[in-house]
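**Student:** Read off the chains here:
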Amino acid sequence: MAQKLPAKDVAIIGLGWTGSILAHELAAAGLDVIAIERGPWRNTATDYPPGYAPDELRFRIRHELFLRPAQTTFTFRNKMNQTALPIRSWGAFMPPNGVGGGGVHWNAETWRFLPSDFVLRTHLTQRYGAAFLPQDMTIQDWGVTFDELEPHYDRFEYLCGTSGQAGNVKGQIIDGGNPFEGPRSRPYPNPPQDQPFGATLFAKAARDLGYKPFPQPSGNMSRAYQNPLGVRLGPCTYCGFCEWFGCGNYSKASPQTTILPVLVRMKNFSARDNSEVTRINLDASGKRATGVTFVDMDGNEWEQPADLVILSAYTIFNVQLLLLSKIGKPYDPVANSGVIGRNFTHQTISDVTSFFDPQKFIFNPFIASGAIGMCIDEFNGDNFDHGPVGFVGGGYMGQVQTNGRPIETAPVPPGTPRWGAQWKKAVKENYQSAQKPGTGVHGSMYSYRDVYVDLDPIYKDRFGRPLARITMDFHDNEIKQNKFLTDKFAEIFQAMGAKQVVKEYRKAPYDITKYQTTHLCGGAIMGTDPQTSAINRYLQCWDVPNLFVMGASGFPQNAGYNPTGTVAALAYWSADAIRDKYLKNPGQLINA
Amino acid sequence: MRRTLTIAGALIALVADVYPCGSADLQQFSAVERGRYLANAADCGSCHTVPGSNRPFAGGRNIETPFGVLVSPNITPDGGTGIGSWTDDEFDAAVRGGRARGGARLYPAMPFPYYARMSREDVEDIRAYLRTIQPVRNAVTSNRLPFPLNQRESMIAWDDLYFKPGEFHDDPSKSKEWNRGAYLVQGPAHCGACHTPKTFLGGDKSDQIFRGYALQGWTAPDITSGEGALGNWSADDIAQYLKTGHNKYAAAAGLMGEVVELSTSNLTDEDVRAIAIYLKDIGGPLPQNNSAADKDVLAAGGAIFQDLCSACHQGDGKGVANLFPNLSEAATVSARDPTTVLRVILQGAQSVATDREPTGPAMPAFGWQLNDAQVAAVATYVRDRFGKKAPPVSESDARRARTSLAARTD
Amino acid sequence: MEAIVDRIIPPDPQTPGGKDAGCAVFIDRQLKGPYGSAAGHYRLGPFIKGTKEQGPQSPLTPAELYRKGLAGLDRYCKAKLGGKPFSQLSADQQDDVLKKVEAGEAKFDDVDARGFFDALLKDVPEGFFSDPIHGGNRDMVGWKMIGFPGIRYDYRDWVHRHNERYPYPPVSIAGRMDWNVKKS
Chain A
1 MAQKLPAKDV
11 AIIGLGWTGS
21 ILAHELAAAG
31 LDVIAIERGP
41 WRNTATDYPP
51 GYAPDELRFR
61 IRHELFLRPA
71 QTTFTFRNKM
81 NQTALPIRSW
91 GAFMPPNGVG
101 GGGVHWNAET
111 WRFLPSDFVL
121 RTHLTQRYGA
131 AFLPQDMTIQ
141 DWGVTFDELE
151 PHYDRFEYLC
161 GTSGQAGNVK
171 GQIIDGGNPF
181 EGPRSRPYPN
191 PPQDQPFGAT
201 LFAKAARDLG
211 YKPFPQPSGN
221 MSRAYQNPLG
231 VRLGPCTYCG
241 FCEWFGCGNY
251 SKASPQTTIL
261 PVLVRMKNFS
271 ARDNSEVTRI
281 NLDASGKRAT
291 GVTFVDMDGN
301 EWEQPADLVI
311 LSAYTIFNVQ
321 LLLLSKIGKP
331 YDPVANSGVI
341 GRNFTHQTIS
351 DVTSFFDPQK
361 FIFNPFIASG
371 AIGMCIDEFN
381 GDNFDHGPVG
391 FVGGGYMGQV
401 QTNGRPIETA
411 PVPPGTPRWG
421 AQWKKAVKEN
431 YQSAQKPGTG
441 VHGSMYSYRD
451 VYVDLDPIYK
461 DRFGRPLARI
471 TMDFHDNEIK
481 QNKFLTDKFA
491 EIFQAMGAKQ
501 VVKEYRKAPY
511 DITKYQTTHL
521 CGGAIMGTDP
531 QTSAINRYLQ
541 CWDVPNLFVM
551 GASGFPQNAG
561 YNPTGTVAAL
571 AYWSADAIRD
581 KYLKNPGQLI
591 NA
Chain B
1 MRRTLTIAGA
11 LIALVADVYP
21 CGSADLQQFS
31 AVERGRYLAN
41 AADCGSCHTV
51 PGSNRPFAGG
61 RNIETPFGVL
71 VSPNITPDGG
81 TGIGSWTDDE
91 FDAAVRGGRA
101 RGGARLYPAM
111 PFPYYARMSR
121 EDVEDIRAYL
131 RTIQPVRNAV
141 TSNRLPFPLN
151 QRESMIAWDD
161 LYFKPGEFHD
171 DPSKSKEWNR
181 GAYLVQGPAH
191 CGACHTPKTF
201 LGGDKSDQIF
211 RGYALQGWTA
221 PDITSGEGAL
231 GNWSADDIAQ
241 YLKTGHNKYA
251 AAAGLMGEVV
261 ELSTSNLTDE
271 DVRAIAIYLK
281 DIGGPLPQNN
291 SAADKDVLAA
301 GGAIFQDLCS
311 ACHQGDGKGV
321 ANLFPNLSEA
331 ATVSARDPTT
341 VLRVILQGAQ
351 SVATDREPTG
361 PAMPAFGWQL
371 NDAQVAAVAT
381 YVRDRFGKKA
391 PPVSESDARR
401 ARTSLAARTD
Chain C
1 MEAIVDRIIP
11 PDPQTPGGKD
21 AGCAVFIDRQ
31 LKGPYGSAAG
41 HYRLGPFIKG
51 TKEQGPQSPL
61 TPAELYRKGL
71 AGLDRYCKAK
81 LGGKPFSQLS
91 ADQQDDVLKK
101 VEAGEAKFDD
111 VDARGFFDAL
121 LKDVPEGFFS
131 DPIHGGNRDM
141 VGWKMIGFPG
151 IRYDYRDWVH
161 RHNERYPYPP
171 VSIAGRMDWN
181 VKKS
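Going down the list, the sequences are from chains A, B and C. Just so we're aligned, residue 1 is where the first sequence starts under my numbering, counting upward by one. Just so we're aligned, residue 1 is where the second sequence starts under my numbering, counting upward by one. Just so we're aligned, residue 1 is where the third sequence starts under my numbering, counting upward by one.
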């Protein structure tokens, strides 16, 4: 029997990036806010100091900062006619756990989507005709435009001290930046990070091939920075233990290093860690959230009443909680009806490993940050004519190698035995002179009718609740896209002077054991039509107006960029709508 | 985190009904407000409140002295266990005269030799403020000193040697700002209580004011403009440090972090600047440091520093302004006494967060990672290279520090 | 185990092999801890074998896998190679057996031999390249072999020094020799 706690104005489910942004915005507006986080509190000096944070085995291989599947996991199948089986240990993606969420261990690659990404179906139909799109591709327009989000992208970039080179300021194209980016109102708050040898060589080769390379926008500080909230970050020291790890010297943007120090000083903010929300509670009408129920470390159940609920638990946990709380109509792929679970996507990633002459090239791969690198955007979105190539979508590509950590990054040429004296020799010879970008080709994944999330009929979590079930496979469009992009990517390494270039195309079937970013998107998408979206353009739930759903779960399809910048921009956009419109007149903001 | 002490009009009215009026008019809000400000400057709440409790001024906090532990009394207006039934004269005799009600002498853990510089009106204002505090029933036995120190008559000789009563008087040759700063430092802020070296009887060495003292497991460094790092600090730097806990050189942590949080961050910008102006005028000899540290120790310390410390403090020790202390300008690094340096290496330190500087970065602990010889080596290196050749630290110094820190409860 | 790790990563004149690098010690410790017991993994049933893309579905923990795998390996060797366990074979013979296991030609009775070998191929290099505090990479020999500087955290002076060898020795969480005062 759940014990009832005193009511709050706002209950926030999950204290990651969007939870922290919303908590701060709403507490600053005077509301009484409580954030409930499933995992533990995390602080730099006590949880990932430089003395032991750079432990590849502990944090990269054993995933100490991440969710344990025993606490919760998902089931997976490629096709609807298969039985989904549990993901017993993580592979394809790595869900976070704890205060700060993914913001603690992310790369800090901080991108904006393209203007055309937000009106994708309209744009592609106009340019190529409706018949050009695969029949079962379910891409949609978002209901919000790049221009509407631009001030909020800017806000997040200045919160984080994003280090980058602007390519388009108010329509003026600037040399050295991304010429394809949507117009921004002002430059980045910090100059780009320094680039190591490999990225610099890549950029030169790309330029020689006629591309316009630019430094990857980075949430790792290129210099000491104080953000608009007064919180300070230190300069990144290129330690090469960035993604998967916490940053030991306050130089990676995270909720801890940008918002939480101010948030925890606000008297109208409180938080509970190690408390898992198991349900969003509704009143008898089913149209109003009354608060949430959560379980603490001892297994005790509590009820936290609230007038406003913000669901910011990460893509697939958002979807699962909506399904378990019976909010919104579950998606049925056969009938093609319902919204919760539809348009689920990931990312289409591939890599190219190249081997250079060890006598001539010393790359020092261990000198890097999580968002280092030089990229080109010629093949992203609709930046090029897709007519001749027979697919839509694309992605940025770059020499974005983040590390030389030896367990993860000790490449050997194809044909090398996997063990023994020859393997050992090949590792030794190639470690300093190989290039292995990692997520070198970072392609979009568009949405399809048969790629979705629902509840599993067999497997349960530790509370006996059904696990979320992922049905996902690659479609021809993304496979074609990836081959095209990977081939282009390989050309650049060839031009760099590699003696051997090894392409690893992304191929179907989608494999749950191979890591391909944690950029899961969709399942509770935003849109203008309640028949085909779960939330409106302000991220407000169509069915339950006092529930707002943050995160990439709102993306109708995924673009060819890392999602965090867009996730945060949408959070600020939604927070403004809550403060300026909803609080003055609670109710459904859009009449659709 | 402390609760803000708010003044409730209703509470004042309630108190007025229940407790006998003193000479300060309880309806005079300006007296109460002045008293609240002075109580912040005097940091009464620090000693008289158990940290983290929601019973301000109810006493019960252990005060560690070189002679033993004293426990702070209850100074809420409770009639039986607090000071509710004291007269204003009795209150004044305690604060500025070092005498409890009934005449018993107070130990100088209560910094009455400094508070003596305040005026009677100041004391009455503080009393007016204290009367607005929630009364708490909490009987405290203050005197936990061992025999014979627990005989308060032993304070007769001490008072004779070290207690010089008398209000502060302006020095007409100095500016108004200087005088305000001098009043605050010599009076309510009682900086010398920690920063002035003590004789073996625990009294101030009056010829070495503010030249540093080690207490409660920390070094309160030299804050004169000679030896200490304050030589290079501008008045603005000092003011910023007091107001926000941070400046481009240093971060307040440990005991001073608490002083910033509870006291100096609540002073006006003008007052912290006045304190700074005064302190900048206090001279002191240049350092006599000429550390003859062993070159092999320095080599080992330098290797450790490069591998572990440079990530934050940078290779040249200059840190990052307002975030990671600049070791070459940190008074605790160049202090003769290495207590803080050892403590911070072994246990880490949480710097203070204030409204103006909310980041609150923390130094991680390295005691688990380094053995005593390594701790001594890196401490020696840091003090030699950045601390103006401050004396080396031996392996047994490090071992002693480790053992005594393990015995601390704070 | 020591014999196995010395074949997976054999010794050579420049760099020790898996055995002297402590890979067997590393694996032993890992199997004793949460890795060995699959702590944190989803361990509820039913256990159904699925497609390769659905990932491992075996109820066997790594510790159980190793126990059965090592026993199976010895049984195989004794049966096929004149009654000798793996550790008593010559290096060439050992390599031969391992290659057969890798190819799926050697089968063990009650455990998937290839699955066991795949675990070895993951764990032995981890033992060679992880921080020495975990028991392997003794003296940082693995890191010295490739020129990986270990836990160093500040490369700002080196980012723009392109195509230049980084000269400083590696550091582990347990430090390096230079942290200790030389007796001179």
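It should be emphasised that the hints constitute simulated quantities derived from the structure, not laboratory data. Just to be clear, a hint being listed does not mean it is correct.
To be verified - Dumping the calculated EDC-like pairs for lysine to aspartate or glutamate here, alpha-carbon to alpha-carbon at most 16 angstroms:
(1) C:K182 with B:D397
(2) C:K144 with A:E429
(3) C:K183 with B:D355
(4) A:K267 with B:D355
(5) A:K428 with C:E102
(6) C:K182 with B:E177
(7) C:K182 with B:E395
(8) C:K183 with B:E395
(9) B:K280 with B:E177
(10) C:K182 with B:D296
(11) A:K425 with C:D110
Stated by the list, open to error - Computed Cβ-Cβ distance ranges for the label pairs, DEER-style:
(12) B:A104 with A:A7: 13 to 21 angstroms
(13) B:N54 with A:A2: 21 to 29 angstroms
(14) C:E2 with A:K503: 37 to 45 angstroms
(15) B:G80 with A:A2: 40 to 48 angstroms
(16) C:P59 with A:G299: 20 to 28 angstroms
(17) C:K52 with A:D147: 43 to 51 angstroms
(18) C:G83 with A:D298: 53 to 61 angstroms
(19) A:I174 with B:F29: 57 to 65 angstroms
Claimed, not checked - Incomplete in silico selection of chain A near chain B, CB under 7 angstroms:
(20) W41
(21) P49
(22) P50
(23) G182
(24) P183
(25) P228
(26) G230
(27) V262
(28) M266
(29) P333
Backbone N, C-alpha and C define an ideal beta-carbon position, used for all residues, glycine too.
**Student:** Each hint: holds or not?
**Tutor:** Against the structure, the hints come out as follows:
{"no.": "1", "hint": "C:K182 with B:D397", "verdict": "violated, 19 angstroms"}
{"no.": "2", "hint": "C:K144 with A:E429", "verdict": "holds, 13 angstroms"}
{"no.": "3", "hint": "C:K183 with B:D355", "verdict": "violated, 50 angstroms"}
{"no.": "4", "hint": "A:K267 with B:D355", "verdict": "holds, 12 angstroms"}
{"no.": "5", "hint": "A:K428 with C:E102", "verdict": "violated, 23 angstroms"}
{"no.": "6", "hint": "C:K182 with B:E177", "verdict": "violated, 55 angstroms"}
{"no.": "7", "hint": "C:K182 with B:E395", "verdict": "holds, 14 angstroms"}
{"no.": "8", "hint": "C:K183 with B:E395", "verdict": "holds, 14 angstroms"}
{"no.": "9", "hint": "B:K280 with B:E177", "verdict": "holds, 12 angstroms"}
{"no.": "10", "hint": "C:K182 with B:D296", "verdict": "holds, 6 angstroms"}
{"no.": "11", "hint": "A:K425 with C:D110", "verdict": "violated, 35 angstroms"}
{"no.": "12", "hint": "B:A104 with A:A7: 13 to 21 angstroms", "verdict": "violated, 51 angstroms"}
{"no.": "13", "hint": "B:N54 with A:A2: 21 to 29 angstroms", "verdict": "holds, 27 angstroms"}
{"no.": "14", "hint": "C:E2 with A:K503: 37 to 45 angstroms", "verdict": "holds, 39 angstroms"}
{"no.": "15", "hint": "B:G80 with A:A2: 40 to 48 angstroms", "verdict": "holds, 43 angstroms"}
{"no.": "16", "hint": "C:P59 with A:G299: 20 to 28 angstroms", "verdict": "holds, 25 angstroms"}
{"no.": "17", "hint": "C:K52 with A:D147: 43 to 51 angstroms", "verdict": "holds, 46 angstroms"}
{"no.": "18", "hint": "C:G83 with A:D298: 53 to 61 angstroms", "verdict": "holds, 57 angstroms"}
{"no.": "19", "hint": "A:I174 with B:F29: 57 to 65 angstroms", "verdict": "holds, 59 angstroms"}
{"no.": "20", "hint": "W41", "verdict": "violated, 14 angstroms"}
{"no.": "21", "hint": "P49", "verdict": "holds, 3 angstroms"}
{"no.": "22", "hint": "P50", "verdict": "holds, 4 angstroms"}
{"no.": "23", "hint": "G182", "verdict": "violated, 32 angstroms"}
{"no.": "24", "hint": "P183", "verdict": "violated, 33 angstroms"}
{"no.": "25", "hint": "P228", "verdict": "violated, 12 angstroms"}
{"no.": "26", "hint": "G230", "verdict": "holds, 6 angstroms"}
{"no.": "27", "hint": "V262", "verdict": "holds, 5 angstroms"}
{"no.": "28", "hint": "M266", "verdict": "violated, 10 angstroms"}
{"no.": "29", "hint": "P333", "verdict": "violated, 48 angstroms"}
Checked against the numbered hints above, the structure violates hints 1, 3, 5, 6, 11, 12, 20, 23, 24, 25, 28 and 29; every other hint is satisfied.
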